[in-house]
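A.B. asks: Letter by letter, the chains look like this.
Protein chains: 2
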Amino acid sequence: MTVPPSELAYVPFVSVENMMRLTHHVGIETFLKELAAFIEADFKRWPDFDKTPRVAAHVPGGVIELMPTADKTLYSFKYVNGHPKNTKTGHQTVTAFGVLSEVLNGYPVLLSEMTVLTALRTAATSALAATYLAPRDAATMAMIGNGAQCEFQAMAFRALCGINTLRLYDIDARATEKASRNLTAQGFEVVACTSAERAVEGADVITTCTADKQYATILTDNMVGAGQHINAIGGDCPGKTELHRDILLRSDIFVEYPEQTRIEGEIQSLDKDHPVTELWQVMRGEAAGRRDQRQVTLFDSVGFAIEDFSALRYVREKVNGTAFSQPLDLLADPDDPRDLFGMLVRSVA
Amino acid sequence: MTVPPSELAYVPFVSVENMMRLTHHVGIETFLKELAAFIEADFKRWPDFDKTPRVAAHVPGGVIELMPTADKTLYSFKYVNGHPKNTKTGHQTVTAFGVLSEVLNGYPVLLSEMTVLTALRTAATSALAATYLAPRDAATMAMIGNGAQCEFQAMAFRALCGINTLRLYDIDARATEKASRNLTAQGFEVVACTSAERAVEGADVITTCTADKQYATILTDNMVGAGQHINAIGGDCPGKTELHRDILLRSDIFVEYPEQTRIEGEIQSLDKDHPVTELWQVMRGEAAGRRDQRQVTLFDSVGFAIEDFSALRYVREKVNGTAFSQPLDLLADPDDPRDLFGMLVRSVA
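Protein sequences appear in the order of chains A and B.
For the first sequence, the residue numbers in this note's numbering are 1 to 349.
For the second sequence, the residue numbers in this note's numbering are 1 to 349.
Hints listed in this document are in silico derivations from the structure and should not be mistaken for laboratory results.
Cβ atoms here follow ideal geometry from the backbone N, Cα and C, with glycine treated the same way.
Among the hints, erroneous ones may be present.
If you only want the chain A side, here are some residues facing chain B, beta carbon under 7 Å, derived [to be verified]:
1) S15
2) E17
3) V55
4) A57
5) G62
6) V103
7) A175
8) K178
9) R338
10) L340
11) F341
12) G342
13) L344
14) S347
15) V348
Derived list of chain B stretches under chain A, where covered just means 3 residues or more per stretch with a C-beta under 8 Å from a C-beta of chain A [as the list claims (entries may be wrong)]:
16) 8 to 17
17) 57 to 63
18) 71 to 81
19) 98 to 104
20) 110 to 118
21) 336 to 343
Using the sequences and the accompanying hints, generate a full structural model.
C.D. replies: In structure tokens, the structure reads:
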């Protein structure tokens with residue numbers, strides 16, 4: 001090119017390597033706490049957002065989704081796939097990236113990897129919900145499904161809820177071994193269990209995070225006792241659930257965005273008008289969270305675009321002025337905006 | 001990091017600079033012809049695609065859109081904004097980028113700038129449609145609206161239809177001057193006109209490509225004569241049209257995807273069941289294009305996701321094995337796909 005691209009041409013890009021460096025720079029638990037604070041702040045101004053169920057392309061072997069949202073100032077979207085059989089070929093079940101843009105002119109201001117960031121924001125959201133819904137002084141969490149999301153959940157529940165004892169179970173014992181090793185190294189008390197029934201014994205919180213795209217019953221009704229909080233994050237598309245319907249019927253159910261959760265969440269098996277409480281209303285004090293110690297609470301989490309918006313907003317603030325992002329020549333920026341063709345012609349060296 | 005990211009972590013990225021280098025390497029008119037061939041091939045297998053109207057966020061000052069589509073093998077989406085007042089602050093009205101992914105595992109295989117590429121694919125689509133709809137031996141095109149898209153349209157109509165005489169008009173004379181200068185340098189016969197009425201005199205094809213987001217009447221009924229082909233590309237969102245309704249009523253109207261065009265195109269002012277012909281059916285020989293020399297044909301183009309799919313597919317093929325793309329560390333790729341957390345922990349140098 002005869003002249004280098006102008007400032008307007010560049011979009012800060014956070015690679016996987018830089019996201020990991022940033023996470024360590026901040027500290028994983030501090031990152032999760034700060035991220036949860038951004039999510040909470042955005043949930044508390046829920047009516048300010050344009051909201052729409054994500055746009056899902058159900059493709060052979062999985063799903064590819066776009067998750068947009070916007071307030072008056074910023075727009076974001078995330079690209080995310082979910083392909084449960086990917087691990088068989090050495091691929092991630094979920095990969096993701098996202099973009100934050102200025103509403104005023106539509107220009108992207110951040111492009112970021114979101115495979116790592118989604119794991120962090122999902123965990124931060126779960127633990128944030130639990131601060132409103134889990135029994136007071138919860139100390140033990142059962143984790144059924146010990147895949148890629150498991151350890152992030154554990155870190156967030158310690159950072160936000162003080163939970164330090166984990167009871168792990170996965171149908172694949174190697175997944176439990178992997179999670180045990182990682183979490184013991186992080187200072188957790190870890191109990192590796194040989195069945196889901198064993199895992200839930202004495203747990204204050206039960207987290208289900210399995211990845212199979214089919215109706216599965218990870219938890220049966222007799223496994224859930226009075227006072228427990230269920231953090232169900234694995235059921236997140238049509239045909240994919242984890243809990244027996246009877247559990248739902250005796251739980252107080254909390255959701256992110258009912259229009260999306262009724263399609264994708266555990267409650268897809270209930271009547272369309274089954275009462276649910278929106279988490280943002282609990283955070284604003286407009287609806288009750290946990291009311292007593294015998295209540296069964298269920299966070300039927302499918303992940304919502306505002307959580308990604310908060311995560312991108314947080315990352316943008318963190319990387320601003322640092323070396324954790326690199327400039328990407330993503331946007332054409334002619335001297336005269338109407339002269340895109342002239343820019344192209346003159347670009348011949 | 002202790003180890004560099006693996007092959008799976010990298011997504012080829014085509015920057016603005018590389019897109020311009022690629023365009024020159026191929027040659028602009030050859031690029032437009034080859035791109036049109038990709039678009040035509042995909043239009044001819046239209047039923048193979050998952051199709052949905054684009055997802056538009058109507059924000060103050062403009063619109064931000066996501067345009068996804070997929071066949072059985074590949075998935076694509078484009079991010080594109082439209083902010084007509086952007087030029088006042090030195091920004092582009094339209095900026096765009098896009099991603100192509102493998103359906104099989106959901107992994108992106110190409111990230112590309114699409115501001116330049118959208119201008120090229122829009123022009124290629126317009127000229128491709130004109131090969132079916134414009135009068136035989138068309139030699140002269142009127143162009144109303146001489147902004148960023150104007151010259152690309154001209155180049156495509158010469159490459160695909162042999163049109164070499166242009167009659168230009170814009171309410172801003174400086175835009176016409178800019179386009180005249182650029183197009184004269186490309187060897188066109190250019191007539192700069194002082195009104196839209198003058199511009200359309202003797203034209204075989206009329207291209208309207210203005211950018212105002214409001215109901216405007218760029219063409220009134222008396223300006224369009226028997227046998228002309230109208231290529232209307234500026235009306236592309238609710239409330240944004242360019243043609244007087246009476247023109248529509250006496251034209252045979254061709255569209256990309258009726259579900260989207262009835263919301264965004266010129267035909268938004270007509271009854272919901274006003275007959276239109278889908279361009280892909282013309283290309284497959286299942287519907288008539290131009291039938292006689294007195295017919296007024298109208299391509300009511302709003303741009304559709306399959307055109308971007310074709311463009312990304314073309315660019316992917318062109319950059320494969322060349323230096324026109326660079327690897328971007330966009331995807332987390334742990335050794336054990338379930339051990340995302342372990343990868344994060346071990347990433348500390």
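A.B. asks: Taking a Cβ-Cβ distance under 8 Å as contact, does the region 110 to 118 of chain B have three or more residues in contact with chain A?
C.D. replies: Holds: 3 residues of the region 110 to 118 of chain B have a Cβ under 8 Å from chain A.
A.B. asks: Under 7 Å, Cβ to Cβ, is where G62 (chain A) needs to be relative to chain B, so tell me if that hint holds or is violated.
C.D. replies: At 6 Å from the nearest chain B Cβ, G62 (chain A) passes the 7 Å test, so the hint holds.
A.B. asks: Is the interface hint for F341 (chain A) satisfied, with its Cβ closer than 7 Å to some Cβ of chain B?
C.D. replies: Holds - the Cβ of F341 (chain A) comes within 7 Å of chain B, reaching about 4 Å at its closest.
A.B. asks: Hint validation: R338 (chain A) versus chain B, beta carbon distance must be below 7 Å. Holds or violated?
C.D. replies: Since chain B brings a Cβ to about 5 Å from R338 (chain A), closer than 7 Å, the hint holds.
A.B. asks: Go check the region 8 to 17 of chain B versus chain A for me, would you? Three or more residues, Cβ under 8 Å, otherwise it fails.
C.D. replies: Three-residue rule met by the region 8 to 17 of chain B, so holds; n is 6.
A.B. asks: Closer than 8 Å Cβ to Cβ for three or more residues is the test here. Does the region 336 to 343 of chain B pass it with chain A?
C.D. replies: Holds, because 8 residues of the region 336 to 343 of chain B bring their Cβ atoms closer than 8 Å to Cβ atoms of chain A.
A.B. asks: Closer than 7 Å between Cβ atoms is the bar; does V103 (chain A) clear it against chain B? Give me holds or violated.
C.D. replies: This hint holds: V103 (chain A) lies near chain B, its Cβ roughly 4 Å from the closest one there, short of 7 Å.
A.B. asks: Checking hints one by one. Is L344 (chain A) an interface residue toward chain B, by the C-beta closer than 7 Å rule?
C.D. replies: holds, 5 Å
A.B. asks: Should the interface hint for S347 (chain A) be scored as holding, given a Cβ-Cβ cut-off of 7 Å against chain B?
C.D. replies: The hint holds - S347 (chain A) has a Cβ within 7 Å of chain B, the shortest such distance being about 4 Å.
A.B. asks: At least three residues with a C-beta closer than 8 Å to a C-beta of chain A: is that true for the region 57 to 63 of chain B?
C.D. replies: It holds: at least three residues are needed, and the region 57 to 63 of chain B offers 6 whose Cβ sits within less than 8 Å of chain A.
A.B. asks: Given L340 (chain A) as an interface hint, is the shortest Cβ-Cβ distance to chain B below 7 Å?
C.D. replies: Check passed: Cβ of L340 (chain A) comes within 4 Å of chain B, closer than 7 Å.
A.B. asks: Using C-beta distances, would you say chain A covers the region 98 to 104 of chain B, given that this needs three or more residues below 8 Å?
C.D. replies: holds (count 4)
Every hint, counting from the list given before, is met by this structure.
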